[in-house]
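For reference, the chains in residue letters:
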Amino acid sequence: MSALGEFRSLSRSRRRAGAADQREQHRDNKAAAFFLAPWVVGLLGITIGPMIASLYLAFTDYNLLQDPEFTGLDNVRRLLSDDRLVESLKVTFTYVLVAVPLQLAVALGLAVLLDRGVRGLSLYRSILYLPSLLGASVAIAVLWRLVFGTEGLVNAFLALFGIEGPGWVSDPDTALGTLIILHIWTFGAPMVIFLAGLRQIPRELYEAASTEGASRKRQFFSITLPLLSPIIFFNLVLGLIGSFQSFTQAFIVSNGTGGPNDSTLFFSLYLYQEGFTSFRMGYASALAWLLLIIIGVFTALNFWASKYWVFYND
Amino acid sequence: MTDALKAAGPDEPPVISEAAALVRGKRSRRRVRTVLKHGVLVAVCLLMLYPLLWMVASSLRPNSDIFTSSGLFVDTFDFDHYPNGWDALSYPFSTYLLNSFLVVLGSVIGNLVSCSMAAYAFARLDFRAKRLTFVLMLLTIMLPIHVLIIPQYVFYAQLGWINTYLPLIVPKFLATDAFFIFLMVQFIRGIPRELDEAARIDGAGHVRIFGQIMLPLMIPALATTAIFTFIWTWNDFFTQLIFVTKPDLYTVPVALRSFIDAQSTSDFGAMFAMSVVSLIPVFLVFLFGQRFLLRGIATTGGK
Amino acid sequence: MTTSRGRRTARAGLAAGTSAVVLASCGVGANPVMNPELSEGEVTITVNWWGADARTQQTLEALELFEEEYPNISVEPQYSDWTGYWDRMATTTAAGDMADVSQFDQLYLASYAERGALMDLATVTNILDLSALGENVLDTGRVGDALFAVPTGATTNGILINTTLFERHGVPLPDTADWTWDEFESAAIELTEASGGEVNGVSPFGGDSFSLTTWARQHGDQLFDADGEVAIDPATLAAYWERELDLIDSGAAPSAGHLSEVQGLPLDQTDLVTGRTAMGFIPAGQFVSYQSAAPDFDYALANWPTDPDTSEGFQYLKPTMYWAAASTSEHPAEAALLLDFLTNDTRVAELFGLDRGEPANPAFREAVEPLLDEPGRESLAFTEAMSEEVGPTPPITPNGASHIENLLVRYNQQVLFDDATPQEAADDLLNELRDSINAAG
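Chains as they are written, first to last, in the UniProt record's numbering: chain H, 1 to 314; chain A, 1 to 303; chain W, 1 to 441.
Extracted from the complex, chain H is given alone in its bound form (with noise of 0.2 Å):
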């Protein structure tokens, strides 16, 4: 594509010249100071105190309502051999590599579909948003039962064609992917962000490659992706990291148990479990850094491979 090249080699010269200036670099880390410092007070003074309370909690016999107590790798060790734990991260890794990367193709594709020339554009907008704003509420999860019970609405359906269903959230085979389906569901997030990330690419360069003679399928793929690789690469990070984290859906679905039969035990919910129905918050707070690290690693290989698919023109 030659209207992207040019573009490409265009911004590439430009750092160059820019890295090179010695005086420039030394301004830089003055407005650095000024641009930054609301993070870095919010940093030292709100972020990083509970962070390092709960890493030394982690090393903690800690009941919420005595002392901690130091307990030095006790914690860690039962990481090791604890049971539910291995449950719950099969759950969870189950759910973010299946939910995330099928939610985001959901979301990108109907961002795609929607930022051209659709009539009626906001509207249809505002109503596919719908489920993101109505949250994980008491009464959504009324509505759960009503729709994926064993006498809900889907087997309703299915009986017409002659299948009984299963109780969709109540069985232990099911519940996870049902799950996985609600939070697919709730795609709005990435897809107003994505909305968002296709208005930034020039229209001048689908115009010129149109004039070129290329196809829609070649411009998606040689300018919609490319262009939009940040934006992608960043609801694929965030995604990840909120989905590790993901809470509220298994609470409210499953009453706080991660029931049935542990099926949809997500690791928070387990942590939650541990350090608030049990009085572990020592424990929790391992569980809670063990959580990090993976989550970290993840990231990391997210940005290690970032370099080979994502495109930034500055």
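Quick caveat, the hints were computed from the structure, so don't treat them as lab data.
Take the hints with a grain of salt, since some may be wrong.
Unchecked claim - Restricting the straight-line Cα-Cα distance to at most 30 Å, the calculated cross-link-like pairs of lysine-lysine (DSS-like) are: (1) 307/H to 30/H; (2) 307/H to 130/A; (3) 217/H to 307/H; (4) 37/A to 217/H; (5) 130/A to 30/H.
As the list claims (entries may be wrong) - Sample of chain A residues with no beta-carbon within 12 Å of chain H, all distances over it, derived: (6) 38; (7) 58; (8) 62; (9) 74; (10) 78; (11) 95; (12) 97; (13) 98; (14) 125; (15) 194; (16) 236.
All C-beta atoms in this analysis are idealised placements derived from N, C-alpha and C, irrespective of residue type, glycine included.
With the hints as your guide, set chains A and W onto chain H.
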């Protein structure tokens, strides 16, 4: 609502900027595709609308029908849930709406200001320890709230901030929502550098470049931030429950939970009615706010 | 908190860096003051409870009465739903910031009391008069030898029967005065069959500690012993789940899938209220709630079925809830005064009715009785009849076992979905429970 969708019209010709450039033969194929496109969209939309319509229907049903009806038709209308729900708790529901609105307003402004500044630094400035700083920023959103809430509570209690909205709003002014920083970083990196470098040649400093060039170009990202902050704060239950314990300061999500007691009867109808009421502001904000999503480079006359 | 302002500010500085330091010094357990004096000046105390809007309104009215009576004391209410309540309780207590007076449940009482979060009520006997409550009632508020909470009321377990459904399907109600488990089960099966499967006869037990305790006592067993240890024979627990499976297999109860779906639902959404099942095991004190949740049905209450070898006195009075005060309260005298007011002032009884259980204070019962509607009278009569038959009250849920309901639900699901035999699940559950209690002790 199906009528409204149809009015948007599958059989009207699509308005596409490059439609003029198309040769005639392609027109009919295009039309089939448009019809298909709308067909898919309408079907998906129905699926999306169902929960909301069901909530509205449930808020109009007698309590005893709510848990047995998944349909949208209401046999016996019961409008009492709305006035009942409005006055069911110790303050009229308007109090909670107003409280939520205050928290949301503070959060939106805070996130817009602080996150856009931090994002500019990460996206456009070269400074020492930039990578490390960026990693640190991402790390702060990787710990679940449940292990942070107690140290946070202790800290805010020392400051005397419990039972104020400060623990909910101040962090937003200090760019603790790394989600939005990262979001805006990605957007700014999508803006061609020529634009700000041209300004720099004219002698503009970073503050001016940020204020006069970046911010207008970032409107879609800012709109996204504002809308998401609004919705997520509006629906956030846990921190609002923990940091605010005085009923006159309760926010909407906390008030809605106060309708329900698992061990005795609860006025679910009233809860549904107030849930519907509390959805109106978010929906309006989304409807209104999304027009700013459209203001990308393409429409602001940028490069 | 017993700290001075100066130390507080110093801590605030530290908090910015490492909140851990603050946490370590902020646990509960202040030095108790014996017989504190009421203050002459203005005092503000906080009161915390869970419940829906109706309870909130009643409680607010009662607190207004208290404020009228003692003009220098103002009361700040806090309330939320059950789950939010305990999350907030844990957080505020951890920060040494627990409300002065809190509503409590027996599940959590020992966990908070043994760890020093609650005020020993022996320190406030100069203000709090508990003479109206019987010793056996007060025993349920004791942890170890000390009294930490005032029970508001008590209830036995009972069987809720939807008589409308029995009539509708033409199934005669068995004589419930002294029915056997066989009679119970065959009535349930008959109803399921008569309705063509539209209704099931019974919602079985399987995942709640109240019915399990009652079941254990029917078999001469007990869940926990006086030392706060797990005492139940795994075979008793296994038999409890086997009975559940039997009821499912015979068609008396709905399918395992359906049961797992409705486990732990709020009262309004249970099968008993929606009319999906006709009989179920409930805390008898909730009878009024069931009746008002389902105005289209008529309900009745009955005692559990028995067999010839069933132990006498298997029913017991379980405390419905308590009022307790925080050990960290800066106003122990005023907190005790409010406890006294909530326990002894009959105007409170008139406001609360049966909402916090059949009143433990006889004077309250007298005050409530004339105000009750038909279901209320029925409920009160049942409890009074049952109190002739109850055995001694068992120990409350010990420290480290506050998650027992979660455990029961989790292992019950393994049984329901055939992932474990009742015996295996019972062994596993009890081992896990024992570990947890030992770790907490």
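Requested in this report: Report holds if the minimum CB distance from residue 97/A to chain H is greater than 12 Å, and violated otherwise.
Outcome: Given that every Cβ of chain H is farther than 12 Å from that of residue 97/A, nearest at about 16 Å, it holds.
Query raised in the report: Does the alpha-carbon distance linking residue 130/A and residue 30/H stay inside the 30 Å limit?
Result: Holds. Residue 130/A to residue 30/H sits at ~13 Å (cutoff 30 Å).
Query raised in the report: Can the restraint linking residue 307/H and residue 30/H be considered satisfied, given a maximum Cα separation of 30 Å?
Result: Roughly 29 Å between the alpha carbons, so the hint for residue 307/H and residue 30/H holds.
Query raised in the report: So is residue 58/A really clear of chain H, every C-beta pair being over 12 Å apart?
Result: 7 Å, violated
Query - Beyond 12 Å from each Cβ of chain H, as asserted for residue 98/A - result: Its Cβ never comes within 12 Å of chain H, the nearest being 20 Å, so this holds.
Requested in this report: Against chain H, does residue 78/A hold up as non-interface, every C-beta pair farther apart than 12 Å?
Outcome: 16 Å, holds
Requested in this report: Mind checking the alpha carbons of residue 37/A and residue 217/H for me, to see if they're no more than 30 Å apart?
Outcome: Since the Cα atoms of residue 37/A and residue 217/H sit roughly 16 Å apart, the hinted pair holds (cutoff 30 Å).
Requested in this report: Examine each Cβ of chain H, and state whether all of them lie more than 12 Å from the Cβ of residue 38/A.
Outcome: Nearest chain H Cβ is 8 Å from residue 38/A, so the label is violated.
**Report entry** No chain H beta carbon within 12 Å of residue 125/A's
**Finding:** 4 Å, violated
Query raised in the report: When you check the alpha-carbon spacing of residue 307/H and residue 130/A, does it fall within 30 Å?
Result: Holds. Residue 307/H to residue 130/A sits at ~17 Å (cutoff 30 Å).
Query raised in the report: Does residue 74/A sit more than 12 Å from chain H, CB to CB?
Result: Given a closest Cβ separation of 15 Å, the condition holds.
Query raised in the report: Going by Cβ atoms, does residue 194/A stay more than 12 Å from chain H at every point?
Result: 7 Å, violated
Taken one by one, the earlier hints fail for this structure at numbers 6, 7, 14, 15 and 16, listed in ascending order.
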